[in-house]
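**Student:** Residue-level listing of the chains:
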Amino acid sequence: MAVKLKVKDLSFSYGSANTLEDITMELDKGEIVSLVGPNGAGKSTLIKCIDRILKPQKGTVFVDGKEAARLSSKDFSKMMGYVPQSTLEVFPYTVFDIVLMGRRPHIGWRVTSNDVKVVARTLRFMGIEEFASRYFDELSGGEKQKIAMARALAQEPKVLLLDEPTSNLDIKHQLEVMNIVKKLVQERKISAVMAMHDLNLASRFSDNMVMLKDKGVFTVGDPESVLTPANIENVYGVRAEVRNGHMGRPYVMPIEPL
Amino acid sequence: MSDDEVFDAEEVYARASWKKTLFTLVLLGSVLAVAVFATTMGAASLGMGESFGAVLAEFLPVEEVSTFAQVVVLQLRLPRILMAIITGISLGVAGAVMQGVLRNPLVSPYTLGLSSGAACGAAIAIVLGVGVFGTGRYIIVINAFFFSLLTMAIVYGISRMRGTSVETLILAGVAMGYLFSAVISLLKYVSGHEELREIVFWLMGGLYTARWENVIILIPAVLFFTMLLMRYSWDLNAMSAGEEVASSLGINVNRVRIICLSLSAVLTASVIAFTGIIGFIGLVSPHVCRLLIGSDHRYLIPCSGLIGALVLLVSDTACRTMISPTEIPVGIVTSFIGVPFFLYLLVSRKRRWWQ
Amino acid sequence: MIKVVIYVNKNQGIIGVLVCLCLLSLALTGSGGEATPSSDTVTIVDYTGQSVEVPYPVDRVVSLSSSASEIICALGASDKIIGRGSSSIFPPYIEDVPIVGKSSYTPSIELIIELDPDVLIADTMLTGDNREMIEAAGIPVIEESFVDPPRVTSVMSNLGLILDKEERARELISFIDQYQSIIEERTADSRSEDKPAVFLERGQPYRTASASTSSHNCITTAGGINIASGESVKYPTVSPEWVVEMNPEIIVRSVWATTGETFTREDLKEESDELLSRPGLSEVKAVKDGRVYVHSSKINSGVRSIVGELYFAKWFHPAVFEDIDPEAVHRDLVQEFYGLELEGVYVYP
Ligand SMILES: Nc1ncnc2c1ncn2[C@@H]1O[C@H](COP(=O)(O)OP(=O)(O)O)[C@@H](O)[C@H]1O
Ligand SMILES: [Mg+2]
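Residue numbers (numbering that gives the first Met the number 0), protein chains in the order written: chain A, 0 to 257; chain B, 0 to 354; chain C, 0 to 348.
The following block holds chain A by itself, in its conformation from the complex (with noise of 0.2 Å):
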């Protein structure tokens, strides 16, 4: 059963100014949204602030009908899984070892032979089976990205937040992440919300976004009604045409800044 998502009223400072204001939004079950927004606009901060890695001042964040803030650490880890924009290790872990780090919510101290099973089935999924035994560091930009989805994935998360999953990606990890995507929410009846830069992939594959400026939301919808060359224009401050792309969805092609 896909879970609902709904921000509402969602206040956020760092310090003194507010660096989110009044967020409100919702996401429906088996639903990609995309925020999307320029540097600086709030899109990781949002992401964060929906995971409980920060605390926002003011507004609540409902997951299944349920008040995120009243929900255990545990509970509320095993319904949201979380892609950081990139991933540092330090020090030498395996590809097994990092995604076995998903079960963490769900495990005492022991593995058992049921989190062994879901982090081999979820390395399958992800199509990075073969890497189970390198060290995570020996790895390329693009597995990494797998592998660190394929952690938030060992959660068994209802609801995925990934932050610019495709930057510093090639064009064909680009799409491979974006179909893991897809196929998950479609399969397993999740919802995800991605931060994403890029337009033309957010375009594709996403079935609402959520268009941020000046701490708030300007604007929300389905592709057509968000890409329009107006709301590039204000938001982006770029001089923009939209065409018709794959599938029919609107295609940016950006031509000067203002």
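Rather than coming from a laboratory, the hints here were simulated on the basis of the structure. Think of the CB as a built atom: it goes at the ideal place given N, C-alpha and C, for glycine as much as any other residue. Treat the hints with caution; some may be incorrect.
Said to hold, decoys possible - Using 25 Å as the maximum straight-line C-alpha spacing, the simulated DSS-like pairs for lysine-lysine come out as follows:
hint : chain 1 : residue 1 : chain 2 : residue 2
1    : C       : Lys268    : C       : Lys284
2    : A       : Lys116    : B       : Lys187
3    : A       : Lys182    : B       : Lys18
4    : C       : Lys101    : B       : Lys187
5    : C       : Lys194    : C       : Lys284
Said to hold, decoys possible - On the chain B side, residues computed to face chain C include the following (Cβ under 10 Å):
hint : residue
6    : Ser44
7    : Thr66
8    : Val71
9    : Val72
10   : Pro78
11   : Arg79
12   : Tyr155
13   : Tyr188
14   : Trp211
15   : Arg319
16   : Thr320
17   : Pro328
Following the hints, complete the assembly by docking chains B and C with the ligands onto the known chain A.
**Tutor:** Chains B and C with the ligands in isolation, oriented as in the chain A frame:
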């Protein structure tokens, strides 16, 4: 779905786990073997038979052993061997945990200022305590212990002011270390010639103060704290991927950090208060382990402790016997034995994870 | 008129203490009788073999060495000390003298030059650079060693000479010599099997002293055998089990005292108790026989080292030295040469 493939990854994992378990057991066996061997080594000329006889006679009413052998083996060698083992365990475990919790391979009780804090406490007791309060033997121990914990508290407090960033914490530790070193230098400078020697001696560290009374208290304490810290293995594993990931895995990062740092500080403080500063082991044992078995803290913590015990026990036995009856300060021997071993591991392994 | 004094020292060979009481004005004017003090100088040869010319008599002295300070005060010239190293703390009234550095190793050159003494006395920790700098400022420097008793005797007479306290110096030397000869004579006839094996501990547990140290000489002179004499490290820390195996008949523990305060009986008893409680030592002969002695390091250096020597001799050979009361000698010494009453406790039991 091919179940075969799933089983494959499982088997790889099972084999890796078994290897690590085996490694832990081999280490444990080596520590015990060296310990047994060390009971026959020393400045007093005792045969191997006599040495074992003295130990056996404690349990079995079989052999007649000379009082001399009994005194040397039971009262002098055994407590010292045990002291070496538990000190090594403490420093190795504390080093592994501190590095893990702060995600920094250069962290050790030394870099966080704990050792300098303890040394400063000891120096204050040595310079200001002796002659005023008598011998100052326990004053030194107690001062060292509390100064060490005080350092941890100050360092943590400072980092708290800046939102508990790991960098601030480490830098605050390094800074406090320098401050305490300056205090020690000052005390050395103003104190008399002989007190200075005593401070220098304490700074070099040594296990010569080992006594059953201390060992008996330290063994359960060290084992207890080690077990407590091992409970945080998973959290430490997760924290190595960064605070954000750890926190999304349901870990209260700040809580785990303060608990682990406090426990390791207590662990370190309780041994170095007796032994003086023994550097190197806390820093290097975890690295040796990571090079050999990786970073999974479920294995890393006990193995790092055992490596620490092994290195310290071998070093101390060497220091007791190399130019006996003169004893060489154990810190010197530890570095002479440990550094080449560590450097060998560094260059013989092709992986360069520390970059 | 030229006066030459030569001391013979068995370790140093001939140390010529060449004293040129060159009464220049006298020689020039040819008029006998009184000499104007300002134009008088004396030349002595210090431990390093350098001839040092100082005004005669010296009026203003800076002493960086605690032993030198003790000697100068014993000669009744404490009023001539205008600067001291901070380790000079005996006799207690010397603490009123301004400090011009910590020891000979770390003098404050500025303060010394500012005080502009007639002479500076230091021990061998003085560095060559510092000596040159002080000398360049026109201050004569006497560098001395205070380890060997014969050398200390010659330092006493040198200082007596330059301070114009020769008579007093002779008294001090004979006071010390008198007891030194008693010890030498009486221990000379004791056969080596009568000499007890001694373990001497200095400060830190199990740190002892090998041959070629003053502690070792002290044991040997007092008729004991230092069990650690053969060690290659000068002040080694030895294995407890080795001490148990060597089974010394006597254990002496020196407790280091570096402040002006004296120990109480409780302080020293605590030291003794700590030693006796150490694992393994209960099996050692010294402990079984109750021959474990603790003493303050104050009676091991400077003018008072003869007191330590007497205690050692009496502990090692109680029957031979039955008539000697080191405490009484100690009392006499501080009374006669420092005008002080003996305070504090120096040995236990
Ligand atoms: N740790 C932090 N402390 C203070 N300010 C921060 C921190 N992280 C981000 N910010 C600020 O918050 C704003 C939003 O940042 P972020 O959420 O990373 O934006 P985006 O991910 O959309 O590029 C930026 O102005 C940034 O400077
Ligand atoms: Mg971002």
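**Student:** For every hint, state whether the structure bears it out.
**Tutor:** We went through each hint and held it up to the structure:
Annotation: proposed proximity of Lys268(C) to Lys284(C) holds, straight-line Cα distance about 20 Å (limit 25 Å). For the hint pairing Lys116(A) with Lys187(B), the CA-to-CA distance comes to about 61 Å; that exceeds 25 Å, so the pair is violated. Simply put, Lys182(A) and Lys18(B) have alpha-carbon atoms about 36 Å apart, too far for the 25 Å limit, and the pair is violated. For the suggested pair Lys101(C) and Lys187(B), the alpha carbons sit about 12 Å apart, so the restraint of at most 25 Å is met.
With a C-alpha separation of about 14 Å, the suggested pairing of Lys194(C) with Lys284(C) holds against the 25 Å cut-off. With 10 Å as the threshold, the beta carbon of Ser44(B) comes within range of chain C, its nearest partner Cβ sitting at about 7 Å, so the hint holds. With a cut of 10 Å, the hint placing Thr66(B) at the interface with chain C holds, because the nearest CB-to-CB distance is about 6 Å. A distance limit of 10 Å between C-beta atoms decides the matter here; for Val71(B) the minimum to chain C is near 4 Å, and the interface restraint holds.
Taken as an interface hint, Val72(B) checks out: its beta carbon lies about 9 Å from the nearest beta carbon of chain C, inside 10 Å. The interface hint given for Pro78(B) holds, since its Cβ lies 7 Å from the closest Cβ of chain C, which is under the 10 Å cut-off. The beta carbon of Arg79(B) comes within 9 Å of a beta carbon in chain C, closer than 10 Å, and the hint placing it at the interface holds. Restraint check, Tyr155(B) versus chain C: the minimum CB separation of about 34 Å is more than 10 Å; hint violated.
Because the closest C-beta pair between Tyr188(B) and chain C is about 7 Å apart, less than 10 Å, the hint holds. Look at Trp211(B): its Cβ gets to within about 7 Å of chain C, closer than 10 Å, so that hint holds up. At about 6 Å, the closest approach between the beta carbon of Arg319(B) and any beta carbon in chain C falls short of 10 Å, and the interface hint on this residue holds. Using the Cβ-Cβ criterion of 10 Å, the hint placing Thr320(B) at the interface with chain C is satisfied: the shortest such distance is roughly 9 Å.
Proximity of Pro328(B) to chain C holds as hinted, the smallest CB-CB distance being about 8 Å (cut-off 10 Å).
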